[in-house]
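S.K.: Residue numbers (the numbering used here), protein chains in the order written: chain E, 1 to 320; chain R, 1 to 298; chain S, 1 to 436.
Everything labelled a hint here was simulated from the structure, so no lab data went into it.
Every residue gets a Cβ at the ideal spot worked out from N, C-alpha and C, and that includes glycine.
Any given hint might turn out to be false.
[Said to hold, decoys possible] Taking CB as the label site, the calculated pair distances span:
#, chain 1, residue 1, chain 2, residue 2, range
1, R, Leu29, S, Asp187, 55 to 63 angstroms
2, E, Leu49, R, Pro28, 48 to 56 angstroms
3, E, Gly224, R, Ile39, 34 to 42 angstroms
4, E, Gln91, S, Asp111, 51 to 59 angstroms
5, E, Ile64, S, Thr346, 44 to 52 angstroms
6, R, Val126, S, Asn110, 36 to 44 angstroms
7, E, Ile64, S, Glu424, 36 to 44 angstroms
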Amino acid sequence: MDFGTVLMAIIVVIGVPAATVGYALLTERLLKLVRPQRRAAVRPWLWLLPGFAFLGLYLIYPTINTLILSFQNSNSTEFVGVENYATLLNQGGFWQTMLNTGLWIVFFAAVVVLLGILIAVLADRVRYETAVKALVFLPLAISFVAAGVIWNFMYDFDPDRGTVNAIVGIAGVEPQSWLTEWPRNTFMLIIVGIWMWVGFATVILSAGLKGISTELLEAARMDGANELQVFFRIILPLLAPTIAVVATTIVITALKTFDIIYVMTGGNFGTNNLATLFYAERFRAFDAGTAAAVAIILLLAIIPVMLFNIRRFQAQEAIR
Amino acid sequence: MTGDARVDAPPRVDTLAGSGPKWYNRLPLHVALILISMIWLLPTVALLVSSFRPSSEILTTGWWNAFTLPFQFTLDNYQEVLSRDNMGTSFLNSLFITIPATVIPIMVAAFAAYAFAWMEFPGRNVLFILVVGLLVVPLQSALIPVLQFTTNIGLTGTFPAVWLAHTGFGLPFAIFLLRNFFGALPREMFESAYLDGASPTTAFFRLVLPLSVPAIASLVIFQFMFVWNDLLVALILVGGTQDVAPMTVTIANLVNSLGQGWDRLTAAAFISMALPLVVFFSLQRYFVRGILGGSVKG
Amino acid sequence: MTRTFKYIAPLAVLMLVLAACDAGDESPGPGASGDGELGGEISIIAVYADAEQEAFMSMIEPWAEEHGVQINYESTRDINAVLTTRLAGGNPPDIAGLPGPGQMAEFARNDQLVALDDVIDLDTYRENYSDAWIELGSADGEFVGIFTKNSVKGGIWYNPAAFEDAGYEVPEDFAGLEALVEQIAEDGTPPWGIGLENAAASGWPGTDWIEDFMLRQSGPDAYNQWWQGELAWTSDEVRSAFEAFGAWAADETYVAGGPNSALNTAFGNGGDCLFEDPPECYLHHQASFITSFFEDNFPDVAESGVTYDFFMMPGIEYDGVVAGGDLFGMFNDTPQARSLMQYLVTPEAQQIWVEIGGALSPNKGVSLDAYPDEISRRSAEALINAETVVFDASDLMPTEMNAAFWSAVLDYVQNPDNLDSILENLDAVQEDSYGG
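All chains should be built: construct the whole structure from the sequences, respecting the hints.
M.R.: What follows is the structure in structure tokens.
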């Protein structure tokens, strides 16, 4: 154990990073074996190889597996055609689940991206930037088990324990049951999501913002542009690719949100989304087939997001 | 050459200088930022205050009652969490899991992102869209096949099993983000480097990586944090036995099967959050303006 | 490159130091020594954590020491997901605490559990356990699960000190309970404290109520048909059990804070109102484990027999007791697993946990004197003396039915007028979840 732990420490700190750098250096050696005129064609595949090996094993193969499962019965012993999909579409709460998923995409994603831009741009102008970013980042660093505890403190029905009810109580409002009435409960859960994820958007957008050259901004100001004009005419267009990355990731996060709903309401009171429905089908109903069908619907749901990204790349390629 | 640009970032320019550096012009800015910070901080403050309250108080009254007389503050919750027999080992286990599970995916993603951004090959867009699409695969649906082959190759129960899994699961986002930043580097820079006889590998290590530090820094922050806070992948692939359990597992075991003991999670949250915050703050130095400008001029 | 090294080097040193410190306090684990009759190791997964885990370990340590087996114990509260994933992924534990008989049946149906007929000596098992436990541990005619610990449902908890102040008496029969409830309500306090919230499992405390009514109103036969899926949810029997629960739980006059409070209150806080001064409720319906919550929430006030005590829910048309229990099953047929399963059913093993507290033993060989306090002894007695014992119906149902039942309780308390559609919906779930 003692020797093993020391060895593990050496592997972790020195061995693993060295191995990854080593691979990159190895590629040029390997290319020496190829005829010079073929090198440019072979090189990209060597750089992609490790990534796609991992993706293939850990995501692509499981997804194909899921696709097959979705056409099989609950314990995957025989094929049943599209029966799982039919069951799902006719299931009582399915359309509410889809509606919630939609609410998450629209409200969660929009607020997170807009607030993220706002905070990143504003914080960029003050000396305590790091402090502000740290505060909005903090929620994501709290493990979700603890965040569940926090939000129980916030939403508790008893005004002696629930912060929000205590606050509205000061204004003379009766204690509200925040998490039991649809659609209010979905919005309350979206607020938790926003609280957690704005820091993510802020940090990445802030990284993007640092890539915009100061000279460009100064030149615009010299030309008499006011701050709003600078923001809309220069910062926003230059930040657009980063915003697109953040927006795409956040929309997908909205689709996959699981912990918040599972811990706060368990999907009760009409708060299910596709991710919690998947979990319920897989681990409550033990129905591998229907669960797989839910996962496939989740994949189909991001086709618009992917189309948007394709357009964006094509536009980017055109100008570069 | 790029190193100097990174360390000696240009002094911060007061970006509102044009409209006059009068403090009252900037007042709305400060008010907005401080207001947002306050709102964001409130839930965390509730948790922090609670973590210093006696367990029976946490369980039965609101956190603001801590400020009513008589004051009852205690370090019991912290002491209880820190004195778990397995806390030291599991902290170390978390490090052993998290460091490689951060380094490997970022390096592997950087290779792929470099190819996607600056190399020509057939099917480039299709493959890249595939990567973005994989972002949506639910972890729970991938875990069963992953566990199957991990067991088949005999890795289950070892740290490399989780390193590789987190690499696989973390790659889509890492490639997506890095390709975007790498793609924004100026083409002329590569052209002049190649003219000087640099190979693409040299360009990658000497130009691409140093010039993308803000993006890489944010990626390190998030990948580190996600792995550090992960419970499910660790529980399935390395298991929860004491010699390999990471901190998340040890902390989850503070709560018994009936849900009792959740009050200790208040203190556990701040203990487990400490290291991701250290990573966050120590990487802030790389979020500086002018890296690109400096290198192009230099 | 050198600059990067500057940061990595101190980190490497830190980790080496930590590693060395860690190695320092290394001590031989339990089971490292011993007569080594079996040797090797055993992997176990169960929901026990914290104090429960310590109690469970104390229970199996004598066995581990005797046979020189190393125990690899893992704990998770999400046992359904972890077990399902590890079974499907080909890496199941040797033995596991199962979430309930319902899930046990699902695992057995997929041939994932090892039959115990030649593992446990059934003659001895029959001597120590009533037939009901053997039946409950069987699925499709195969004996696959053993009970190691159980709990009594349907206790009604009250605060004797508060009862005395208000002049209330413990009722003798169900009519007496109804009269007492009316009396308390008339005196201006809602009689019941109810907490239904428990994250993803929210609603289960209500299923315990409904099961109690089902057994006492319609008898064990109807009760058994119900969980077996042979009695419709829309039947008069089930409907009247829901209505009896709703008459109290869904009515503002009878629940502290109103039904909304019941929906939002964590089950562990459901009885808090008993201890307020003045009391905000006088009665709380919950299984025997609730006492640990009283002690945690009110360490200065809660005192067994003085500020909290219980009486069993009185019989109505029928009398009986609903019990819950913890099951173990075997996924890998190893000598160590066989030996541990044999050990777990012995009175000697179970007595260890009983003495630590927090567990009732299904084994008749465990003496009543082993219980550490009055309340747990009386709970054990209630189980032994009951003319009928049935098992928690929701835990016996297929998992999907069980989950639908939990949610139905929440829907019903929120909208008692929707009972018809709620029950029809449960019938629909019943139709496809029992198929197999």
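S.K.: Sort out which numbered hints this structure fails and list those numbers smallest first.
M.R.: 4
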